[in-house]
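Sequences listed follow chains P and U, in order.
Under our numbering, the first residue of the first sequence is numbered 1, with each subsequent residue one higher.
Under our numbering, the first residue of the second sequence is numbered 1, with each subsequent residue one higher.
Don't take each hint at face value.
[Claimed, not checked] Quick partial rundown of chain P residues pointing at chain U, CB under 8 Å, derived from the structure: (1) I8; (2) P10; (3) R20; (4) Q34; (5) V41; (6) L64.
[Claimed, not checked] Computed list of chain P residues with no C-beta within reach of chain U, every gap over 12 Å: (7) Q46; (8) R47; (9) R48; (10) N52; (11) A59; (12) E113; (13) E114; (14) A134; (15) V138; (16) A148.
Simulated from the structure, these hints should not be mistaken for laboratory data.
Glycine included, C-beta positions come from ideal geometry on N, C-alpha and C.
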Amino acid sequence: MNDIAILIGPLIPPLRRYARALLRDRAAADDLVQDCLERAVSRWHQRRIDDNTRSWLFAILHNLAINRLRSAARRRPHAAIEDAEDAALVRPPCQEDVLQVQDVLRALERLSEEHRSVLLLVSVEDLSYAETAAVLGVPVGTVMSRLARAREKLSAALDDRSTPLKEPHLRRVK
Amino acid sequence: MTDDRPITEDDLQAYVDRALEAGRAAAVEDYLAAHPDVANRIRGYAEQRGALRSALAPVAEEPLPPELNIARMIEARRRPVFATWRAAAAAVVLLTMGGAVGWVLRDESAPAAGGIAALAREAENSYAVYGQDRVRPVELRSDASDELVHWISQRLDHPIAVPDLSSSGYRFMGGRLVATPHGPAGLLMYDDDHGTRLVMLMRPMEADRDAPMSQHIADGIAGFTWAENGFGYSLVGPAAPDVLHPLADEVRRQIRA
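Could you build all of it, start to finish, from the sequences and the hints given here?
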């Protein structure tokens, strides 16, 4: 069983980063990673020998994240992850790049979940196009066209950053 | 050496991702030098990529919380699962004992302190401590709910069950035993996948052994507290009372069932 810890351990920080970027909520994202790791441990022996551990784990996590995002959207159509506080995601302001960091994350939020996931897997997690295709369960050609479209949309959202974000929807009683 | 196949959009994307082999990358660079508008767009994409990476890099540097300790997870799987029939048998024994203890206490306990008002405060305090905890809100997670039910039932001398609020959109997270001025209490926690958590606290009641459901609100934390047959329940959370009320009714209905 030790090989599991050795193979999976170094991948936990990237898995957290991907979950956090998709859900924008620290606790929910960590819950998801925990679910993912538990599944990985229990299904370890169902893994095919030639499976790439990294894309296998990202695929488990991605499917959990998508289920959660979709059921959240169904249940409460407007109160989604954009309510999560930026503090959960961004390091404290300390450098001149803070504005840009906030901007790019806010712009990312405006993209559809399909576009966000392809950008994050390729640009941030450095998965190859083939690995990304395996995680998303689509052909490589679809990865390429989604990626091009996602970058175009992110550029548009960044150019458009003066427009306010969607209104916050959750009534805060706290 | 460069190759002279026509440049495709895929090449440009792969150039941004530094996924091209050297010859093809050189061909893309030649192309970009000759097409400033495309070059401008691709430069923008490269900046996006850099900004995303630096925005998200700190997340991967954070220390891992204990729940994400893979070695512990593997270890936990090796431990035998608590047999459900044993928990059920224990619950039957506790039910009998709990009834006897309750009977003895019935006439001798002095009322006043420890009633549902106290229970409501205890639930609010537990919410403030555990409901806000991002690291270890519960001691036993929902996947160990048999063990949790057994533990709380044993310590409270009263069989408990975990109400199911999933039809109202609240997922059971797990629970723990907490200390109150009136002895141990069982805490169950729920969340709605949007970060809103509810805490349910329950304990045996010496005062207010039967009390109708009452509503309370303090510092934005609403709650509903009641007692039946010597056992008290309080459901609290940062939700409006009209949202929480049907949930409390549902909990009570399930407990009575």
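Tested hints:
About 5 Å separates the beta-carbon of I8 (chain P) from the nearest beta-carbon of chain U, less than 8 Å, and the hint is met. A cut of 8 Å between beta carbons decides the hint on P10 (chain P): the least distance to chain U is about 10 Å, and the hint is violated. Given hint, R20 (chain P) at the interface with chain U, holds; its Cβ is 5 Å from that chain's nearest Cβ, closer than 8 Å. This hint holds: Q34 (chain P) has a C-beta 5 Å from the nearest C-beta of chain U, less than the 8 Å allowed.
Annotation: V41 (chain P) was flagged as interfacial toward chain U, and the flag holds, the nearest CB pair being 6 Å apart, inside 8 Å. Evaluation of the L64 (chain P) hint against chain U yields a violated restraint, the C-beta minimum of about 12 Å exceeding 8 Å. The Cβ of Q46 (chain P) lies farther than 12 Å from every Cβ of chain U, with a closest approach of about 15 Å, so its non-interface assignment holds. At roughly 15 Å, the least C-beta separation between R47 (chain P) and chain U is larger than 12 Å, which holds for a residue marked as non-interface.
Residue-level check passed: R48 (chain P) sits 21 Å from the nearest beta carbon of chain U, beyond 12 Å. For N52 (chain P), the requirement that its beta carbon stay farther than 12 Å from each beta carbon of chain U is met, with the minimum near 16 Å. At the 12 Å boundary, the C-beta of A59 (chain P) stays outside the reach of chain U, the nearest C-beta of that chain being 18 Å off. At roughly 15 Å, the least C-beta separation between E113 (chain P) and chain U is larger than 12 Å, which holds for a residue marked as non-interface.
No Cβ of chain U comes within 12 Å of the Cβ of E114 (chain P); the nearest lies about 16 Å off, and the non-interface call holds. Separation of A134 (chain P) from chain U is adequate, the least Cβ-Cβ distance of about 16 Å exceeding the 12 Å criterion. Look at V138 (chain P): its CB is around 15 Å from the nearest CB on chain U, clear of 12 Å, so calling it non-interface holds up. A Cβ of chain U approaches the Cβ of A148 (chain P) within 12 Å, the least distance being about 6 Å, so the stated non-interface status is violated.
In terms of the numbered hints stated before, the structure departs from hints 2, 6, 16, listed from lowest to highest.
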